[in-house]
Amino acid sequence: MEQQKWTEVISARKGLLDIPFKEIWHYRDLIITFVKRDITSTYKQTVLGPLWFFISPIFTVIMYTFVFSEIAGIKTDGIPAPLFYLGGTTLWNYFQICFTNSSATFVNNASIFGKVYFPRLVAPISTIISNLIKFFIQIGVLIILICYYHFNGIYSININAYILLFPLLLILMAGIAMGVGIIASAVTTKYRDLQMFIAFGVSILMYATPVIYPISQVPERFKYLVLLNPIAPVIETFRYSIFGVGYFSAPALAYSFVFMVVTLFTGIIMFNQVEKTFMDTV
Amino acid sequence: MSDIAIRVEDISKLYRLGNVNAATLRDDAKRFIARIRGKVDPTLSLAQENERTQKGTSDYIWSLKDINFEVTKGEILGIIGRNGAGKSTLLKILSKVTAPTTGTVKVNGRIASLLEVGTGFHPELTGRENVYLNGHILGMNKKEIDRKFDEIVDFSGVERYIDTPVKRYSSGMYVRLAFGVAAHLESDILIIDEVLAVGDAEFQKKCIGKMQDVSKGEGRTVLFVSHNMGAVKNLCTKGIMLKSGNLLFDGTIEQTIDKYASILVNQRNFGSIGNDVKRNSYHKNFLSINCVNVFNSKNQAIEEFSMNEEIRLDIEFEVTQKIDASIFCCIISDFNGEKVNYSSSVSHQADKQQIYEIGKYKLSYFVKQNLMPGFYNFTLTFFDSNGYAYDSILDFGEIKINNFGLNDEFYFWDAKLGNTITIPTLKLEKLS
Chain V
-14 MEQQKWTEVI
-4 SARKGLLDIP
6 FKEIWHYRDL
16 IITFVKRDIT
26 STYKQTVLGP
36 LWFFISPIFT
46 VIMYTFVFSE
56 IAGIKTDGIP
66 APLFYLGGTT
76 LWNYFQICFT
86 NSSATFVNNA
96 SIFGKVYFPR
106 LVAPISTIIS
116 NLIKFFIQIG
126 VLIILICYYH
136 FNGIYSININ
146 AYILLFPLLL
156 ILMAGIAMGV
166 GIIASAVTTK
176 YRDLQMFIAF
186 GVSILMYATP
196 VIYPISQVPE
206 RFKYLVLLNP
216 IAPVIETFRY
226 SIFGVGYFSA
236 PALAYSFVFM
246 VVTLFTGIIM
256 FNQVEKTFMD
266 TV
Chain E
1266 MSDIAIRVED
1276 ISKLYRLGNV
1286 NAATLRDDAK
1296 RFIARIRGKV
1306 DPTLSLAQEN
1316 ERTQKGTSDY
1326 IWSLKDINFE
1336 VTKGEILGII
1346 GRNGAGKSTL
1356 LKILSKVTAP
1366 TTGTVKVNGR
1376 IASLLEVGTG
1386 FHPELTGREN
1396 VYLNGHILGM
1406 NKKEIDRKFD
1416 EIVDFSGVER
1426 YIDTPVKRYS
1436 SGMYVRLAFG
1446 VAAHLESDIL
1456 IIDEVLAVGD
1466 AEFQKKCIGK
1476 MQDVSKGEGR
1486 TVLFVSHNMG
1496 AVKNLCTKGI
1506 MLKSGNLLFD
1516 GTIEQTIDKY
1526 ASILVNQRNF
1536 GSIGNDVKRN
1546 SYHKNFLSIN
1556 CVNVFNSKNQ
1566 AIEEFSMNEE
1576 IRLDIEFEVT
1586 QKIDASIFCC
1596 IISDFNGEKV
1606 NYSSSVSHQA
1616 DKQQIYEIGK
1626 YKLSYFVKQN
1636 LMPGFYNFTL
1646 TFFDSNGYAY
1656 DSILDFGEIK
1666 INNFGLNDEF
1676 YFWDAKLGNT
1686 ITIPTLKLEK
1696 LS
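Chains V and E, in that order, are what the protein sequence lines are. Residue numbers are given in the working numbering: position 107 of the first sequence equals residue 92, and the series is strictly consecutive. Residue numbers are given in the working numbering: position 107 of the second sequence equals residue 1372, and the series is strictly consecutive.
Do not rely on the hints blindly, as some may be mistaken.
Said to hold, decoys possible - Keeping only pairs whose Cα atoms sit at most 20 Å apart, straight-line, the calculated EDC-like set for lysine to aspartate or glutamate is:
1. V/K(-10) x E/D1453
2. E/K1695 x E/E1622
3. E/K1295 x V/D265
4. V/K29 x E/E1389
5. E/K1371 x V/D3
6. V/K261 x E/D1293
7. V/K21 x E/D1428
8. V/K21 x E/D1411
9. V/K119 x E/E1389
10. V/K(-10) x E/D1268
Claimed, not checked - Just the calculated beta-carbon pair ranges, DEER-fashion:
11. E/K1475 x V/V243: 50 to 58 Å
12. E/E1409 x V/Y240: 42 to 50 Å
13. E/G1437 x V/T266: 29 to 37 Å
14. E/K1475 x V/Y240: 54 to 62 Å
Derived by calculation from the structure, the hints in this document are not laboratory data. Glycine is no exception: its CB is placed at the ideal position from the N, C-alpha and C atoms.
Build out the structure end to end from the sequences listed, making use of the hints.
Written out as structure tokens, the structure reads:
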């Protein structure tokens, strides 16, 4: 009798693959605004403002050089230690911040999510993008340092064709961070135990990644363990593309790629299921 | 035939009380196993009705149970009920913040919800940046906001501050700007929860006017939750009433408000004071109020009065230890808990600082009132001379002041105009 068209039906469950990509596209302006908000609000009311984006990596590198190179004497494949560490930490920091932020998506945004609906994936996506901008600023520091070394004749840079892989490396970093992060966020809404683990787990993970040491320094029998870490090939490839020394392996990179696709896919599905009711348990 | 904007079918929502810990993990495991085996969720059968004042035996409660209703396009639906009746849960489900446990909601049109004023406002960003941020959160795109920006700023009247961070705003300006954004949303259905509780009277009136324009002029549907019966009555065309998660009434807004009031009256009736009445005393075991009855000027025990009619309260109380000096005080509060009339025995010279010997008494207390039509209750207290209570009963008994052909515009102002101190007459009788 009645022929009514519904634009939307809200019900208890939704299908596993019922992922609102179209809606996310509709909310693209929100993503842009979130990114702007993250960038502009970070250093509001500071005197140095965006300069802080530079200051933190510089101090980190000075400290790393002192501790790991001068004291511990870890070899850096012949690359000057500050360059070596800056290359590694810039990329690693991007991974770390994306991972920790997206794993706290529900907890950090509970006050907004509790009051208004928009596709929840908007939040981790905008985190990934806003940190990407900060990442590029830090890449700027790296370029300045490289130029300094190059033109003062201290160390000659050997940028090679592998630099073309750079966009892929970024996608891998962002994708893995977001995939693992949103899996963690979906699991931690109700039981916060995993959150405890993430807090210290990430800092430990850095030592399991060739950030402060090159893979060539790893004893042969442990090498496969380090390479199980999907971020290891990304960082090694990055350094290889700039300095021309280090480790490059296409299968290892392919492994990272598969890892990214699987975690991202699983993550989006889990996230999408949890977002409907997380407000009741967060 | 008019179109249906929202159809709610058998909506229920289950909540778990208490903390999340290992016990919830066990329940989750049971639920998971039941789901795999294709059986009904075992926790559903444990759940109880949401009666917040009583201690239940189960950790699971139904915040909403089997709700069905329809909203026609262009209608303004008022949702009323006491605290914890499930109003906000219902709005959360409709605005997709949380999913129902069972049932479906079918929607025709784009929904925008305003469960809170200024959701996502960032204190460090300027008014302008926040208009965009908030607008995008509510689902507007950049073009829409660009087009409406001047209108929003104009509506909220904060033009001078638009490039100042909102943390420097007064709370009123903050709310004005936030409501301005929401009011200019181009959605087919607007959901509003209690947001008019803030802002000054002028701005509240502006908001109500805007909402009326929205529904009458632009044919949009509005769902509105408020405890301000004046506003609900003035704005809405239809009403539903919730009680403990059940849909108790669905009808025109006048019928719904009357129903709501009658339920409140039945719950806190006059007569002897039961255990459910809120009490407060500083000096224990001196005096206790046992029974309160209300009479109209014709000496009838009726809880309805006309405007300006004298109210007589007969208060029976027992004194168990001698009291040297006591003042009796009566406060009348309106629907929203706002105190609108105050009177006490001190203002009546003859009975200043009454001395009570041990025994039972009946106090007849005559209140001259000039209350506006509406519903009111009483807070009755015996104080010592320093203002500490011997016994006090709070928000007791519900009376109704009837309306004599006043139009609704007048009604909207509720009782706020009748905020007065009156001089009572009283008569004390010793019963035993």
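Taking the hints in turn, this is what the structure says about them:
The straight-line distance between the Cα atoms of V/K(-10) and E/D1453 is roughly 15 Å, inside the 20 Å bound, and the hint therefore holds. The suggested pairing of E/K1695 with E/E1622 holds, with an alpha-carbon distance near 10 Å, which does not exceed 20 Å. For the given pair, E/K1295 sits about 19 Å from V/D265 by alpha-carbon distance, which is consistent with the 20 Å threshold. With a CA separation close to 7 Å, the supplied pair V/K29 and E/E1389 stays within the 20 Å bound.
The straight-line distance between the Cα atoms of E/K1371 and V/D3 is roughly 17 Å, inside the 20 Å bound, and the hint therefore holds. For the hint pairing V/K261 with E/D1293, the CA-to-CA distance comes to about 17 Å; that is within 20 Å, so the pair holds. Restraint check: the Cα-Cα separation between V/K21 and E/D1428 comes to about 16 Å, which is no more than 20 Å; the hinted pair holds. For the suggested pair V/K21 and E/D1411, the alpha carbons sit about 17 Å apart, so the restraint of at most 20 Å is met.
A C-alpha spacing of about 19 Å is found between V/K119 and E/E1389, which places the hinted pair at or below 20 Å, so the restraint holds. Our distance criterion of 20 Å between C-alpha atoms is met by V/K(-10) and E/D1268, whose separation comes to about 10 Å. Roughly 55 Å separates the CB atoms of E/K1475 and V/V243, a value that falls within the hinted 50 to 58 Å. For the pair E/E1409 and V/Y240, the supplied restraint of 42 to 50 Å holds, since their beta-carbon distance comes to about 45 Å.
The hint said 29 to 37 Å for the Cβ distance between E/G1437 and V/T266, and at roughly 35 Å that hint holds. Distance hint check: the CB atoms of E/K1475 and V/Y240 are about 58 Å apart, consistent with the given range 54 to 62 Å.
Checked against the numbered hints given earlier, this structure breaks none of them.
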